[in-house]
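Peer 1: Sequence:
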Amino acid sequence: MDELQRLRGDHEAAVLAFELANRAYFAASISDRGDEFFEHFAERHSAMLAEQEAGSVAYYVLVAEDGSILGRFNLFFVGEETANLGYRVAEQAAGRGVATAAVRELCRLAAEEHGLHQLRAATSHGNAASQKVLVRTGFVEVGQAGPADLGGKQGVWFQRGVGESRTASGGAG
Numbered sequence: 001m002d003e004l005q006r007l008r009g010d011h012e013a014a015v016l017a018f019e020l021a022n023r024a025y026f027a028a029s030i031s032d033r034g035d036e037f038f039e040h041f042a043e044r045h046s047a048m049l050a051e052q053e054a055g056s057v058a059y060y061v062l063v064a065e066d067g068s069i070l071g072r073f074n075l076f077f078v079g080e081e082t083a084n085l086g087y088r089v090a091e092q093a094a095g096r097g098v099a100t101a102a103v104r105e106l107c108r109l110a111a112e113e114h115g116l117h118q119l120r121a122a123t124s125h126g127n128a129a130s131q132k133v134l135v136r137t138g139f140v141e142v143g144q145a146g147p148a149d150l151g152g153k154q155g156v157w158f159q160r161g162v163g164e165s166r167t168a169s170g171g172a173g
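Residue numbers for the sequence shown, in UniProt numbering: 1 to 173.
Hints were generated in silico from the structure; no laboratory data involved. Please read all numbers here as calculations on a predicted model, not as lab measurements. Each residue gets a CB set at the ideal place from its N, CA and C atoms; glycine is no exception. Take these hints with a grain of salt, some might be off.
Unchecked claim - FRET-style restraints, in silico, Cβ to Cβ:
#1 Gly95 - Leu20: 15 to 23 Å
#2 Ala27 - Gly115: 30 to 38 Å
#3 Gly95 - Arg23: 18 to 26 Å
#4 Ala128 - Glu53: 18 to 26 Å
#5 Tyr25 - Glu80: 29 to 37 Å
#6 Ala42 - Lys132: 16 to 24 Å
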């Protein structure tokens with residue numbers, strides 16, 4: 001059974017294999033990471049672990065039974081109770097509900113493990129599959145996303161509440 005796991009040092013080789021195997025597939029709907037990303041992947045992986053340890057992000061990988069990576073799911077903390085969600089799923093896993101199930105699980109983890117109350121996600125206009133995943137998992141469209149949000153592409157922001165908001169408890173501050 002596939003398992004969503006926090007990114008660890010021992011995931012490095014499997015994550016690199018995932019990124020390389022799906023590079024062209026990802027580039028069809030999101031900006032390519034560029035050759036330098038792959039040439040210096042070990043350093044990038046170490047930097048990601050340091051960012052995660054510092055508490056500014058939470059990186060997750062969806063690990064298949066054979067140890068391969070089926071997807072990457074990231075929370076970028078942008079406020080005390082808010083994070084931006086980013087994800088990518090392997091071409092071989094696309095269309096099987098993998099992204100939907102993992103995003104649902106990440107919404108639960110966002111509230112329970114990270115104390116978040118709101119998630120946001122931006123997707124390009126050309127990425128209809130990602131938009132469907134977001135809608136299926138309770139996100140609603142909230143506005144336009146520009147090139148600065150999406151690596152040079154135009155798109156849409158989505159938003160979803162998770163957990164209980166401190167301000168939604170009914171009491172005045």
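Peer 1: State for each hint whether it applies.
Peer 2: Hint check:
At about 21 Å, the CB distance of Gly95 to Leu20 agrees with the hint of 15 to 23 Å. Checked against the hint of 30 to 38 Å, the C-beta distance between Ala27 and Gly115 comes to roughly 35 Å, which is consistent with it. Between Gly95 and Arg23 the CB atoms are about 19 Å apart, so this pair conforms to the stated range of 18 to 26 Å. A hinted range of 18 to 26 Å for the beta carbons of Ala128 and Glu53 is inconsistent with their spacing of about 36 Å.
Between Tyr25 and Glu80 the CB atoms are about 36 Å apart, so this pair conforms to the stated range of 29 to 37 Å. Distance hint for Ala42 and Lys132: a CB-CB separation of about 35 Å, inconsistent with the stated range 16 to 24 Å.
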